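K.L.:
Here the protein sequences come in this chain order: A and B.
Under our numbering, the first residue of the first sequence carries the number -18, and numbering increases by one thereafter.
Under our numbering, the first residue of the second sequence carries the number 19, and numbering increases by one thereafter.
Just so you know, the hints here were simulated from the structure itself, not pulled from any lab data.
Errors might be hidden in some of the hints.
To be verified - Below, computed lysine to any residue pairings styled on SDA-like, alpha-carbon distance capped at 20 Å:
hint : chain 1 : residue 1 : chain 2 : residue 2
1    : B       : K44       : A       : V120
2    : A       : K63       : B       : W455
3    : A       : K188      : B       : G45
4    : B       : K485      : A       : K105
5    : B       : K493      : A       : E136
6    : B       : K476      : A       : E191
7    : A       : K88       : B       : P193
8    : A       : K105      : B       : P193
Said to hold, decoys possible - Some but not every residue of chain B turned toward chain A, in silico, with C-beta under 8 Å:
hint : residue
9    : Y43
10   : D123
11   : P127
12   : S178
Unchecked claim - Stretches of chain A that chain B covers, calculated by requiring three or more beta carbons in the stretch to come under 8 Å of a beta carbon on chain B:
hint : stretch
13   : 23 to 33
14   : 91 to 99
15   : 131 to 142
16   : 177 to 187
Small disclaimer: the values here were computed from a predicted structure and weren't measured.
Quick reminder that beta carbons are idealized off the backbone N, C-alpha and C, glycines included.
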Amino acid sequence: MMATRRTFFKVLGAGAAWALSPATKLGSMPTMPDGNIDFAVVRGPDAAAAVKKAVSMLGGMEKFIDKGDVVFVKPNISWDRKPEQAATTNPIVVETVVSLVLAAGAKKVIVADNTCNDARRSYKRSGIREAAEKAGAEVPYMEARKFIKKDLGGEVLKQWEVYREAEDADKIINLPVAKHHGLSNVTLSMKNLMGLIGGRRDLLHQKLPECIVDLTAYFKPDLTILDAVRILKANGPQGSTLKDVVRMDTIAASTDPVKIDAFGISLFTDAGFDNDLALFPHISLAEKKGLGTSDFGGAGYQEIKLG
Amino acid sequence: MKNLRRGSQIIFLVFFLILFVQTEYKGEDELGMPVRLFLDFDPLIALSSLLASHAVRAVFLFSLVTVVLTVILGRFFCGWVCPLGTLNTAVSFLRMRRKPKHPDDGNFPRLRKIKYFILAFILTGALFGWNAAGFLDPISLTIRSLAIGYNPAVNGLVRSILDFAYMTNIPGISPGADTLLSFLTGTLLAFEQPVFRQMITIAFLFSVILGLNFLAPRFWCRYLCPLGALLGVIGTKQMFARVDVDKGKCVSCHTCNRTCQGDATPFPPGSWASRECLVCFNCSDVCPVDAISIHPTLQSTGDGNVDLQRRWLITTAAAAAFSVPIVRLGEHNKRPHPDLIRPPGAINEKKFLQRCVKCGECMKVCLTNGLQPTLAQAGLEGLWTPMLVPRLGYCEYNCNLCSQVCPTGAIEKLTLEEKQAVRIGLALFDKNRCIPWAMGRNCGVCEEHCPAPGKAIKFFDVEAVNKNGDPFIIKRPEVDPGLCIGCGICENKCPIIDIPGIRVTSVNESRAEYMLYM
């Protein structure tokens, strides 16, 4: 019984397009009891409900957050773009996560990102500052004085400036948005961690896969929730026209950043990547480093549809 | 009255500083504040721009308010409103505490005419299309000096002190400094430490103007200020504030002259110069025998106005007229300077120079600190006009703040949509420096940041050969000149930290006469 289901979910995970087709009634599939899985995918138009469901499928936020924790939530706020442009994490996702974290007993939630465009504009236009503050988070700008040089112990990144408040936080929750990226084809959870460091980040692009794997190994996010409510399929990572944005109404949550990224890639099947993980060297590098597995559809995978 | 005047000076100075601090992005695409208000009410800016550009703008009407009030009240603006006048008063106050050596210590009535010659020079120059008013107009001068000179210095000082306190990691002090700095950033201080070319020069020149107050009280206002001269001419016949000295009562003590802010010589009776009077009320307040009254009258109460000597005025005007073609000579007229990237909305260069008063508002408000004062790139005529220096800051795609603050329309107000369609320059790769071209490694930071719809920088997978002769695939970036708007973010973010692998120059700007790419 178990083996059949595993096989079934593997097949399921391989084709996102198939999963999206109206003929598939995922909601009616037999489900595992909440808390016994480590990769949850929820599809549905209500992003807040999807995030809540995904987290509860993983066992609830209490499983990741201890009472009194200082939690650093890292959405993608890199660009001075509106939520519809899918260049930044959906503010509803951020808001929901912050309230879940606070409800789980966290003492303080910090939401911040080292932005590419002007921080004030990006925080504002993305809607993230307003949403996160509404939910009770602190949303500081990453100021230069708060980057401290740390030994990252990476393959490429030996030493780098790290944002102090992320460094000092008890837990890190990574909230990437799934989008196209010219150099690395897609940007997902691991690349999102670049927002926790300062310095001349543009230098990292010459060995991007190695660098983002080093960052993932260093920060080890306690939970990653991928925003694929809308995905940006071309002209990323900041996007421009709405033509490149596709509505996916999908949220994926896991403690395994490699699974998240492998799943995220599958969302871009029609973008010409053909789900070929070889095009994404950071996946295999991360696997080699023991940060997770790209077999996201394996044991512990569950997908449901809401609404 | 003296205290009333001081109150007014303080209120207007504070108001001026509030507007100055508000000349920054404050969370909305549109600045909610009329930050350039003082410039709008400045008749010298309006007159010189009007003469130089032969264009009437509705906003110039504000300055008529100042003109009308000056006709009635005389140079009240200098005495009661002007922020530079107030700063000069404040510095003069330090000087006046010392004991005067002789009755007219610090008064140099013969220097008074200098400011009229300066005014004549500026207005004649403007008539021939050279708008030099902004160099010496007190409002423009003060905003520029504060924005480019003093503000970065104050920011740097406060930041370094608080940063140091933060770095000490002492309980109480470190978090306190952190909180204070976070609060100050974006309120009183700039969001990020501003850095300007020529900061020291411009700050120094302003310090000299303030320092002149030690030679004579309000030296600048009395002897140099072209706006003061203009207001003096407009307000010569003021009716509501004429100084009258009662010959019978006067004991010739010179106290009035010594405290006169404008060197308007109330003493001896009948020598009062209405054009020099800053309506400060010092003379009537200090007169020990109450011989001086300031009251409305249609009668002449003094004949001490400056004799400008027509031949000198004509000489000055002629000098200005002849200097116009000369200041325009320069290499920039032979070929456009590649570094001269004007902000989006900047009108045709010739007209731009006729309008721009170098007030520095656009540079103060620029989000990324990319707008910098020119030195020689636009010739002497264009000294201190704004240009984008992409290595220091790029033009933010969704921002049009600079066009919102320009007082003269040198930078036209554009909607965001219009602004995003304006090309201010063109990026081109230096393939000898660009990492994927020169070093055979992927990079692509420029492509990542390019905001133009469809991306003006595109990747092409190309088979290249490494140093050992082995083929490999690399993403090589290319610029699409049809899409590039010249915003400069590619150059700004290029990892080659000194001379970038991609550079934006002014070629192909929308307002250019000739396009490279047609």
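K.L.:
Evaluate each hint against the coordinates.
P.N.:
Here is how each hint holds up against the structure:
Taken as a hint, the K44 of chain B and V120 of chain A pair is honoured in the structure, with Cα atoms around 16 Å apart against an allowance of 20 Å. At roughly 34 Å between alpha-carbon atoms, K63 of chain A and W455 of chain B are farther apart than 20 Å, so this suggested pair is violated. Of the supplied pair hints, the one linking K188 of chain A and G45 of chain B is violated, its CA atoms being roughly 36 Å apart against a limit of 20 Å. Taking the CA atoms of K485 of chain B and K105 of chain A, the gap is near 47 Å; set against the 20 Å cutoff, the hint is violated.
Distance hint between K493 of chain B and E136 of chain A is unfulfilled; the C-alpha atoms sit about 23 Å from each other, more than 20 Å. The straight-line distance between the Cα atoms of K476 of chain B and E191 of chain A is roughly 23 Å, outside the 20 Å bound, and the hint therefore fails. Taking the CA atoms of K88 of chain A and P193 of chain B, the gap is near 18 Å; set against the 20 Å cutoff, the hint holds. Using a Cα cut-off of 20 Å, the hinted pair K105 of chain A and P193 of chain B is violated, with the two alpha carbons roughly 26 Å apart.
At about 6 Å, the closest approach between the beta carbon of Y43 of chain B and any beta carbon in chain A falls short of 8 Å, and the interface hint on this residue holds. About 50 Å separates the beta-carbon of D123 of chain B from the nearest beta-carbon of chain A, more than 8 Å, and the hint is not met. Annotation: interface hint on P127 of chain B violated; nearest CB of chain A at approximately 52 Å, more than 8 Å. Restraint check, S178 of chain B versus chain A: the minimum CB separation of about 10 Å is more than 8 Å; hint violated.
Interface restraint, the stretch 23 to 33 of chain A with chain B: violated (0 residues with C-beta to C-beta distance below 8 Å; minimum three). A stretch counts as covered by a chain when three or more of its residues have a beta carbon under 8 Å from one of that chain; for the stretch 91 to 99 of chain A and chain B the count is 3, and the coverage holds. Counting residues of the stretch 131 to 142 of chain A whose CB lies closer than 8 Å to any CB of chain B gives 0, which falls below the minimum of 3, so the coverage claim is violated. Beta-carbon proximity to chain B at under 8 Å applies to 5 residues in the stretch 177 to 187 of chain A; the threshold of 3 is reached and the given coverage holds.
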